[in-house]
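Protein chains: 2
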Amino acid sequence: MIAKTPEPPYYAVIFTSVRTDVAEGYGDMAIRMVELAEQQPGFLGAESARNAEGVALGITVSYWESLEAIRNWKRHAEHQLAQQIGRERWYERYKTRICRVERDYDFEQ
Amino acid sequence: MIAKTPEPPYYAVIFTSVRTDVAEGYGDMAIRMVELAEQQPGFLGAESARNAEGVALGITVSYWESLEAIRNWKRHAEHQLAQQIGRERWYERYKTRICRVERDYDFEQ
Chain E
1 MIAKTPEPPY YAVIFTSVRT DVAEGYGDMA IRMVELAEQQ PGFLGAESAR
51 NAEGVALGIT VSYWESLEAI RNWKRHAEHQ LAQQIGRERW YERYKTRICR
101 VERDYDFEQ
Chain F
1 MIAKTPEPPY YAVIFTSVRT DVAEGYGDMA IRMVELAEQQ PGFLGAESAR
51 NAEGVALGIT VSYWESLEAI RNWKRHAEHQ LAQQIGRERW YERYKTRICR
101 VERDYDFEQ
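Residue numbers (full-length UniProt numbering), protein chains in the order written: chain E, 1 to 109; chain F, 1 to 109.
Calculated directly from the structure, the hints in this document are not laboratory data.
Certain hints may be false.
What the hints assert, rightly or not - Capping the alpha-carbon separation at 30 angstroms, the derived lysine-lysine pairs in DSS-like fashion look like this:
1) F:K74 / E:K74
2) E:K4 / F:K74
3) E:K95 / F:K4
4) F:K95 / E:K74
Claimed, not checked - Which bits of chain F does chain E cover? Going by a derived footprint, with three or more residues having C-beta under 8 angstroms, they are:
5) 32 to 46
6) 53 to 65
7) 97 to 103
Ideal placement from N, C-alpha and C gives every residue a C-beta, glycine not left out.
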């Protein structure tokens with residue numbers, strides 16, 4: 001769902017990835033990483049989508065209170081291991097962008 | 001695909017949306033808006049993904065040289081019309097976040 005984030009400024013990590021065709025272990029890891037991220041200090045929410053057709057491009061955006069919270073999450077031991085296995089097995093390529101959210105606005109029917 | 005963006009800093013618009021079940025006209029509009037965005041001054045690239053299962057959450061991230069380029073795109077007449085029709089027909093809810101990309105890094109097999 002759309003993450004309920006506080007008033008800006010806050011921070012976002014945009015993780016855009018193209019998967020390999022190795023599925024084994026990926027789903028469990030993805031679920032576990034969301035659970036683990038939710039427990040980290042400064043975590044504000046996350047959103048994730050992946051195309052089912054064509055190139056399997058996926059975008060996950062996680063939101064954080066500070067750059068320090070993002071750094072700590074990047075260095076978290078279990079997350080580090082998932083990143084390493086990800087590079088070896090699940091991801092053909094990815095790009096991570098660290099951003100400061102300056103403004104936001106909403107629409108709801 | 002993953003957008004080829006220049007060295008930071010640059011800007012990102014994260015558009016997260018939940019669709020209604022109205023499909024008519026949506027695909028054509030989405031294609032047209034990407035074409036039109038690509039023609040705008042300061043446009044750097046875009047990435048898009050939507051879940052096929054569960055809540056149809058979609059994430060589109062577009063990248064821009066400046067906040068002014070983002071403002072101009074938001075106000076573009078044809079884009080304004082698409083936004084209006086979007087609120088009336090295609091989107092149940094959405095959130096737009098304007099960000100400054102501070103850092104990025106890549107991985108490729």
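Here is how each hint holds up against the structure:
no., hint, in the structure
1, F:K74 / E:K74, "violated (33 angstroms)"
2, E:K4 / F:K74, "holds (23 angstroms)"
3, E:K95 / F:K4, "holds (10 angstroms)"
4, F:K95 / E:K74, "holds (26 angstroms)"
5, 32 to 46, "violated (count 0)"
6, 53 to 65, "holds (count 6)"
7, 97 to 103, "holds (count 7)"
In this structure, the earlier hints numbered 1, 5 are contradicted, and the remaining ones agree with it.
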